[in-house]
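Trainee: Now for the letters of each chain:
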Amino acid sequence: MDALTRKVLLAHETKPSTIVEKGKRIIRFYGVQILAALFVIYLVYAATTLGINPKRIAQGVSQGKEFIGRLFPPDFITRWEDIRHDMLESLEMAVLASILGIVLSLPLGLLGARNLMPPIITWPIRFFISFARAFNPIIIGIIFVKAVGFGPLAGILTLSVASIGFIGKLFIEAIEEISMKQVEAVRASGASFTSIIRYGVMPQVSARFIGFSMYQFDSNLRNSTTLGIVGAGGIGGTLFAAYQRFDYQIVSAIVLIIIALIITDEYVSERVRRIFQ
Amino acid sequence: MEQPVLRIRNLTKSYFHNQPVLHDVSFDVKPEEILIIIGPSGAGKSTLMRCINHLITPNSGHIYLKGIDIPTLHGKAMREARRRIGMVFQEFNLVERLTVLENLLIGRLGYMRPLDALLQKYSPEDIANAEALLNRLGLGDFALKRADNLSGGQRQRVGIGRALMQNPELLLADEPTSSLDPKTSVEVMQTMAELAKERRIPVLVNMHDVNLAKRFADRIIGMRDGRIVFDGSTEELTNTVLAEIYGGDSWMH
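Protein chains in written order, with the numbering used here: chain A, 5 to 281; chain B, 160 to 412.
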């Protein structure tokens, strides 16, 4: 509220009779300012309790400079065989998990859409999909490593669950936005349920499904490079090991390869999306 | 005297208790006739249409399509009855992202085996028939265009084509011209009437436009508040009758 409005409003107010009313008046006119002040106080408090102060920042900056110096030149040669193998493993994990996730998300999306299915079916499906989305892939990864053992199988399962969580939800939303008139027309022709889905529903959503799937592949590829940290396969394991051995030149080599992979992928997926629009 | 194609007896439908949208509706559709239902919005015309092909289940009453009572049907039998009834919609209801040809072939889905339908394995006759029909509808050049590229009149022609591809024994048209301009409306009605007569299919149409109805109908039914208040020839549809159907006559002048 700007000063002028406040002044005008104050002029029209009757005199407050009690302390409570006076308090209410203050909150009414200065509510936003009070909230902003409290928020600033919280920020300062949080920074202090976490030990963040000018001295700590200066120390961090000088250490960072030294670290960046030790990253160069990147060393692609010493551990090349490991890097190559694990990068390909990450890529394969992402591809397999995306396919599995998409194939499972399709029926789940159809079963979870409230305009096609009764609540008795949509409710558990939607719960399952929310559950799949609830945890960061690293946490799901830890669980799968314990469940099925170290290696890429744990990673593939992790990324599949993550894929279901996200594209399952997006599929449901896309299906719930379709025009039911087109569906009604296919139904009126005497088509079976599968034909109604195939000709009334899918044409309306398939382009968006491909877009969502490509986004999910991008995301799976990025996540497949970190899952190795918890032992679920891929380049993350080698990256983490190099980091712990202070082999920063190897770390930088791996990071550069990941960047190259992600950029290539984004380029390709952008092209694919454009084809299907 | 030939048997009627459709016999409707004591049809009642209410969405809320004691508020019937259709109230004890009975009438026949005779072979090859164009029967047009007129009446104000909310008279129950669309609900009636949707009861006939069982997109809606009525509360009570019978709808006999050549002797089969449609509201009692379920599952496969219901789908088989549906494919015998072609439906044309007010807003065309084409599957926008499919081609014109694919939209026509939707009319064949009810006849196909599920797996063939899933894999788009249309029989060569179906494709040939669809192409011939498109030419007949003046849409031969549009077969492979996506349906959302067409104008309103063209879309409704595709809608008619889709319904006819079912080889229906009855054609239902739910306000087929309400989304079209007056000239296109007449053209679309002409096309539908012509093709139906050629194939000897009776047509049940509902519409708002009294003049258009008089021009194309063999018989007219007037509905008001879910009841039939008039059933007769176009000559019998006098201004007095119209005033009863629509309530008052001030709109005529």
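Rather than coming from a laboratory, the hints here were simulated on the basis of the structure.
Hints should not be assumed to be uniformly reliable.
What the hints assert, rightly or not - As a list, the in silico DSBU-like pairs of lysine-lysine whose alpha-carbon atoms are at most 30 Å apart:
1) 225/B - 185/A
2) 28/A - 225/B
3) 185/A - 235/B
As the list claims (entries may be wrong) - Counterexamples of contact, computed for chain B against chain A with all Cβ distances above 12 Å:
4) 200
5) 237
6) 250
7) 256
Even for Gly, the Cβ is constructed at its ideal location relative to N, Cα and C.
Trainee: Taking C-beta pairs only, is residue 250/B more than 12 Å away from all of chain A?
Mentor: violated (6 Å)
Trainee: Since residue 200/B was said not to touch the interface, does its Cβ keep a gap of more than 12 Å from each Cβ of chain A?
Mentor: With a cut-off of 12 Å, residue 200/B remains clear of chain A, as the shortest Cβ separation is near 18 Å.
Trainee: Confirm or reject: residue 256/B is not an interface residue toward chain A, with every Cβ-Cβ distance exceeding 12 Å.
Mentor: At about 4 Å from chain A, residue 256/B fails to clear the 12 Å cut-off, so the statement is violated.
Trainee: Within 30 Å, alpha carbon to alpha carbon, are residue 225/B and residue 185/A?
Mentor: Given that 30 Å is the threshold and the Cα spacing comes to 28 Å, the pair holds.
Trainee: Taking only the CA atoms, is the gap from residue 28/A to residue 225/B under or equal to 30 Å?
Mentor: Given pair residue 28/A, residue 225/B is violated - Cα atoms ~76 Å apart, limit 30 Å.
Trainee: Straight-line Cα separation of residue 185/A and residue 235/B no greater than 30 Å?
Mentor: Within the cut-off at roughly 22 Å; holds.
Trainee: Mind verifying the non-interface call on residue 237/B? Its CB should be farther than 12 Å from each CB in chain A.
Mentor: violated (8 Å)
In summary, the structure is inconsistent with hints 2, 5, 6, 7 from the numbered list given earlier, while agreeing with the others.
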